[in-house]
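Here's the letter readout for the chains.
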Amino acid sequence: GAVVSQHPSRVICKSGTSVKIECRSLDFQATTMFWYRQFPKQSLMLMATSNEGSKATYEQGVEKDKFLINHASLTLSTLTVTSAHPEDSSFYICSARPMTGAADTQYFGPGTRLTVL
Amino acid sequence: AQSVTQLDSQVPVFEEAPVELRCNYSSSVSVYLFWYVQYPNQGLQLLLKYLSGSTLVKGINGFEAEFNKSQTSFHLRKPSVHISDTAEYFCAVSDPAGAAGNKLTFGGGTRVLVKP
Numbered sequence: 040g041a042v043v044s045q046h047p048s049r050v051i052c053k054s055g056t057s058v059k060i061e062c063r064s065l066d067f068q069a070t071t072m073f074w075y076r077q078f079p080k081q082s083l084m085l086m087a088t089s090n091e092g093s094k095a096t097y098e099q100g101v102e103k104d105k106f107l108i109n110h111a112s113l114t115l116s117t118l119t120v121t122s123a124h125p126e127d128s129s130f131y132i133c134s135a136r137p138m139t140g141a142a143d144t145q146y147f148g149p150g151t152r153l154t155v156l
Numbered sequence: 006a007q008s009v010t011q012l013d014s015q016v017p018v019f020e021e022a023p024v025e026l027r028c029n030y031s032s033s034v035s036v037y038l039f040w041y042v043q044y045p046n047q048g049l050q051l052l053l054k055y056l057s058g059s060t061l062v063k064g065i066n067g068f069e070a071e072f073n074k075s076q077t078s079f080h081l082r083k084p085s086v087h088i089s090d091t092a093e094y095f096c097a098v099s100d101p102a103g104a105a106g107n108k109l110t111f112g113g114g115t116r117v118l119v120k121p
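If you read the protein sequences in the order shown, they are chains S and G. Take my numbering: the final residue in the first sequence is number 156, and no numbers are missing along the way. Take my numbering: the final residue in the second sequence is number 121, and no numbers are missing along the way.
Pulled out of the complex, with its shape left as it was, chain S reads as follows:
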């Protein structure tokens, strides 16, 4: 089956530093990737939609300059949390929509747990 990986799986950083999270589709090409944020015991909230070769579309209330998204290839999207603060601590999950096949299909990565001290 289709596999999406995320790296790192867990990261702890100091307040004020930037953290980059990678999302890769391992065995398929993805024109669209989605980035979600999940607070403890809560649901997933869509942060942005990332299309290969173009600027990401951010959801209302998500700071573009805070959460930088790059989708440079059909198998890789990155989310950079800039100048991270403790309130950015969360579980970040990406998903990827295959270039071929049903448009309703998304495959999810295992998530990245970010802890900002």
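Keep in mind that the hints were calculated from the coordinates and are not lab data. Small disclaimer: the values here were computed from a predicted structure and weren't measured. Don't take each hint at face value.
Mimicking DSS-like on lysine-lysine, the simulated pairs with C-alpha atoms at most 25 angstroms apart in a straight line are [unchecked claim]: (1) Lys63/G / Lys74/G; (2) Lys105/S / Lys94/S; (3) Lys80/S / Lys53/S; (4) Lys80/S / Lys105/S; (5) Lys105/S / Lys108/G; (6) Lys63/G / Lys108/G; (7) Lys80/S / Lys54/G; (8) Lys54/G / Lys74/G; (9) Lys53/S / Lys105/S; (10) Lys94/S / Lys59/S; (11) Lys108/G / Lys74/G; (12) Lys103/S / Lys108/G; (13) Lys108/G / Lys54/G; (14) Lys80/S / Lys59/S; (15) Lys105/S / Lys59/S; (16) Lys103/S / Lys59/S; (17) Lys80/S / Lys120/G; (18) Lys103/S / Lys53/S; (19) Lys74/G / Lys80/S; (20) Lys94/S / Lys108/G; (21) Lys59/S / Lys108/G.
Starting from the known structure of chain S, arrange chain G on it as the hints suggest.
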């Protein structure tokens, strides 16, 4: 815009007993409906989905769900649960005709705890 309500935040159930997880949605357009499962510290895995056709949908691991348009519901059921079904379950909807193309809107999740 769509919204999803999962009426139960937690459902304790004994092993081999049946379970039903309730999901209601609100939308002004036709939607696709999904159920996902999330095991601790992992991403989401698709259990089943309704796109069109038969309102009773069968998924993996013995789960099934029924789409009820008049009640705007998509409840998930399993006739006999196992300890391994302990997880968080999310109902989600997407608008297939939306400009953003199948963005998912999730419900708040239901935590299922299967007891021996």
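*Which hint numbers does the structure go against, in order from smallest to largest?*
Result: hint 19 breaks, nothing else.
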